[in-house]
Amino acid sequence: MAFLEISGLRKRFGSLEILKGIDLELEKGGFLVLVGPSGCGKSTLLNTIAGLETITEGTIRVDGRAIDDLHPSKRDIAMVFQSYALYPNMTVAGNISFGMEMRGVPVEERKKAIDKVAKVLQITHLLDRKPSQLSGGQRQRVAMGRALVRDPKLFLFDEPLSNLDAKLRVDMRIEIKRLHQATGTSIVYVTHDQIEAMTLATKIAVMRDGEVQQFGTPAEIYNNPKNLFVADFMGSPAMNLLTATIEGGGNDLHVSLLRPEAEPLRVPVPQIGGLAAYSGKQVIFGIRPEALTDPDGADRNAKSLFEGDCLIDVVEPAGSDTFAVTKLGGKEVVARLRADARIAPGQTARLAFNLDKAVFFDPQSQQRIG
Amino acid sequence: MSAIVSSGTAARRSNGARMFNRVVIYGLLAFFAIVYLMPLFVMLVTSFKTMDEIQNGNMLSLPSAPTFEPWVKAWGETCVGLTCAGIKGYFWNSLKMVIPAVLISTILGALNGYVLTKWRFRGHTLVFGMMLFACFIPFQSVLLPMATILGSLGRFGITLQNATGFRFGFGNPTVNLVLVHVIYGLGFTTLFFRNFYEAFPTELVKAAQVDGAGFFQIFRRIMLPNSLPIIVVTVIYQFTNIWNDFLFASAYAGTGESMPMTVALNNVVNTSTGVVEYNVNMAAAMIAAMPTLLVYVLAGRYFVRGLMAGAVKG
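Sequences listed follow chains B and V, in order.
Residue numbers for the first sequence follow our numbering, so the first one is 1 and each next one is one higher.
Residue numbers for the second sequence follow our numbering, so the first one is 371 and each next one is one higher.
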């Protein structure tokens with residue numbers, strides 16, 4: 001049985017349904033990231049796990065115990081808030097030990113616990129300061145210290161890094177990952193940043209409009225998106241999603257992609273169940289920028305590679321890679337090339353399509369084909 | 371060349387105009403400040419003069435031989451109605467009434483604000499709207515219904531005394547005034563605290579809940595320690611209002627032992643027998659005004675202090 005089990009969870013405010021039947025599971029020691037655009041219900045879901053919001057239907061179990069009727073403090077959880085929510089009138093030590101004080105832990109034990117956590121997070125020298133005297137990163141550490149000191153069954157993080165600047169965010173992200181590896185505590189983490197989701201998670205739930213669009217490992221979400229929304233939301237730069245027509249049949253199935261100033265590009269596609277039925281119809285052809293590259297940089301292990309000439313529109317050297325924008329299927333398409341790939345805007349370049357990584361969607365239902 | 375010269379003169383002219391504006395602004399400010407301070411000045415100098423000097427001298431002149439005699443007399447000897455023991459007793463009466471009234475109304479207002487913002491319930495806007503309405507009810511319209519209520523409380527006190535030998539404060543004029551001021555002030559204190567707590571980060575309350583703090587623990591440990599600015603505002607407002615109140619004081623405790631300062635001062639000034647002792651009256655008025663001034667001076671600096679820094683992202 002899973003460590004955290006959410007089943008049939010619904011949340012209504014009057015007639016407005018915020019969460020529409022959520023089912024999720026997390027193994028012990030796992031790292032579940034809830035990701036989605038703002039307003040998708042991910043923070044509400046986290047708040048219901050914390051007990052800060054009541055639920056209308058469904059159950060939440062932690063370690064086999066239903067917790068949905070328990071007070072937040074009885075759920076054996078700890079939470080890190082987006083704004084850190086440090087008590088401004090208390091010192092750092094006071095902030096960390098407030099929860100223990102409320103639970104009646106003796107002073108001696110509290111001191112020991114504070115010292116231990118402070119050492120882990122390297123905030124020992126800050127213990128006597130007030131939150132107003134700390135920098136953003138230090139406040140973040142204190143907020144994590146307050147959660148860590150409880151030694152809870154479940155950690156909840158509500159967009160903990162969104163208030164930090166870009167550099168610090170990367171540092172703290174690594175720190176959270178290290179912390180997770182060191183403590184092995186199960187974590188539920190809310191973010192709207194898909195890179196945070198990919199790097200931290202063992203399981204990702206992509207949410208939209210109060211529904212889980214896809215639930216799986218980062219690799220599954222990235223490589224096998226269930227629908228158009230997930231494909232578009234995850235990955236940076238985003239997956240190229242082009243309108244294309246399926247042609248042919250049997251062993252000679254291909255998509256036809258419109259090109260400016262040239263014949264449509266006919267890209268043979270692998271045998272994917274159900275795709276043949278779309279022959280003569282339009283589909284959405286999805287290919288990630290890294291699966292569309294210069295022939296020398298293409299994956300040697302790919303089973304089906306196709307090379308085609310494309311007119312390069314814009315070249316964006318990013319240092320580690322070079323991004324090239326071309327037009328296919330009437331849309332801008334981003335290809336990710338090696339940094340030293342020799343291409344120039346306005347010229348035709350040969351690009352390799354790694355069709356192992358290509359995905360197809362039904363334009364009406366927006367669901368994955370095959 | 372000519373352009374430079376002309377721009378130079380333009381600058382000089384605008385400098386002159388700015389100077390003129392400054393003079394007008396400061397002149398007007400000074401004028402109104404003097405007009406406002408004049409009565410206080412007259413009160414102050416008069417209170418240090420002897421009666422002879424007042425009757426023969428200029429009202430605005432400084433006392434030739436300053437004396438504390440009128441202050442001493444006002445505090446300990448002057449006649450209020452028929453008793454001649456100064457205003458000191460009434461001063462304490464006022465304090466005994468004001469301090470509990472201010473504390474209770476402030477704490478209740480803080481609790482109301484806390485509930486109305488952080489523990490919302492169905493219809494909380496209606497409740498708040500009705501409490502706001504209390505701010506607009508004129509004093510006068512409360513007088514009679516309140517008198518009826520206080521009268522029945524008094525009768526209940528007598529019943530209690532007959533039954534137990536003790537009144538438990540029912541019917542006591544000071545207790546009555548505290549009650550009236552708490553009820554009347556509740557609308558204002560609730561308004562102050564609600565608006566302050568509306569902007570108070572709710573995540574702090576949630577964090578405290580996760581930490582296991584209960585309703586009152588959160589109020590006492592998280593809300594109140596971070597509310598100093600609004601507490602100061604409320605206390606100053608309530609203290610000034612209640613201390614200066616004359617209408618309720620004269621209506622419900624207008625006679626006898628427990629008369630508050632404002633009514634006593636009125637009685638001192640309105641004594642119709644003998645010579646009007648202006649110096650003593652002025653000293654008494656100054657004494658009556660002292661506590662509100664003191665509260666302002668001591669607590670006023672917290673008005674502008676931002677104490678929430680560092681609670682959330684800054």
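FYI, nobody ran anything at the bench for these hints, they're computed from the structure.
Glycine included, each C-beta is placed from N, C-alpha and C at the ideal position.
A hint or two may mislead.
Listed next, with one range per pair, are the computed distances between beta-carbon atoms [claimed, not checked]:
hint, chain 1, residue 1, chain 2, residue 2, range
1, V, Leu465, B, Lys116, 49 to 59 Å
2, V, Ile507, B, Thr56, 37 to 47 Å
3, B, Gln133, V, Gly535, 54 to 64 Å
4, V, Val412, B, Gln133, 46 to 56 Å
5, B, Thr56, V, Phe586, 26 to 36 Å
6, B, Leu168, V, Trp462, 58 to 68 Å
With a cut-off of at most 20 Å between alpha-carbon atoms, the simulated SDA-like pairs for lysine to any residue come out as follows [what the hints assert, rightly or not]:
hint, chain 1, residue 1, chain 2, residue 2
7, B, Lys130, V, Leu598
8, B, Lys130, V, Gly584
9, V, Lys488, B, Pro72
10, V, Lys488, B, Gly136
11, B, Lys74, V, Gly584
12, B, Lys74, V, Gln587
13, B, Lys130, V, Pro571
14, B, Lys167, B, Lys130
15, B, Lys153, V, Gly582
Structure-based check of all given hints:
Remark: the range hint 49 to 59 Å for Leu465 of chain V to Lys116 of chain B is upheld by a beta-carbon distance near 52 Å. The hinted range of 37 to 47 Å is satisfied by Ile507 of chain V and Thr56 of chain B, whose Cβ atoms lie roughly 41 Å apart. The given range of 54 to 64 Å is respected by Gln133 of chain B and Gly535 of chain V, whose C-beta atoms sit roughly 59 Å from each other. Separation of Val412 of chain V from Gln133 of chain B is about 50 Å and conforms to the stated range, judged on CB atoms against 46 to 56 Å.
The beta-carbon spacing between Thr56 of chain B and Phe586 of chain V, approximately 29 Å, falls within the hinted interval of 26 to 36 Å. About 60 Å separates the C-beta atoms of Leu168 of chain B and Trp462 of chain V, a value consistent with the hinted range of 58 to 68 Å. Between the alpha carbons of Lys130 of chain B and Leu598 of chain V the distance comes to roughly 16 Å, so the proposed pair stays at or under 20 Å and holds. Only pairs whose Cα atoms come within 20 Å are accepted, and Lys130 of chain B paired with Gly584 of chain V is rejected, the gap being roughly 23 Å.
With a CA separation close to 16 Å, the supplied pair Lys488 of chain V and Pro72 of chain B stays within the 20 Å bound. The hinted pair formed by Lys488 of chain V and Gly136 of chain B fails the criterion: a straight-line CA distance of about 26 Å is larger than 20 Å. Simply put, Lys74 of chain B and Gly584 of chain V have alpha-carbon atoms about 12 Å apart, close enough for the 20 Å limit, and the pair holds. This hinted pair checks out: Lys74 of chain B and Gln587 of chain V have alpha carbons roughly 16 Å apart, not beyond 20 Å.
About 17 Å separates the Cα atoms of Lys130 of chain B and Pro571 of chain V, which keeps this hinted pair within 20 Å; it holds. The hinted pair formed by Lys167 of chain B and Lys130 of chain B fails the criterion: a straight-line CA distance of about 24 Å is larger than 20 Å. For the hint pairing Lys153 of chain B with Gly582 of chain V, the CA-to-CA distance comes to about 16 Å; that is within 20 Å, so the pair holds.
In this structure, the earlier hints numbered 8, 10, 14 are contradicted, and the remaining ones agree with it.
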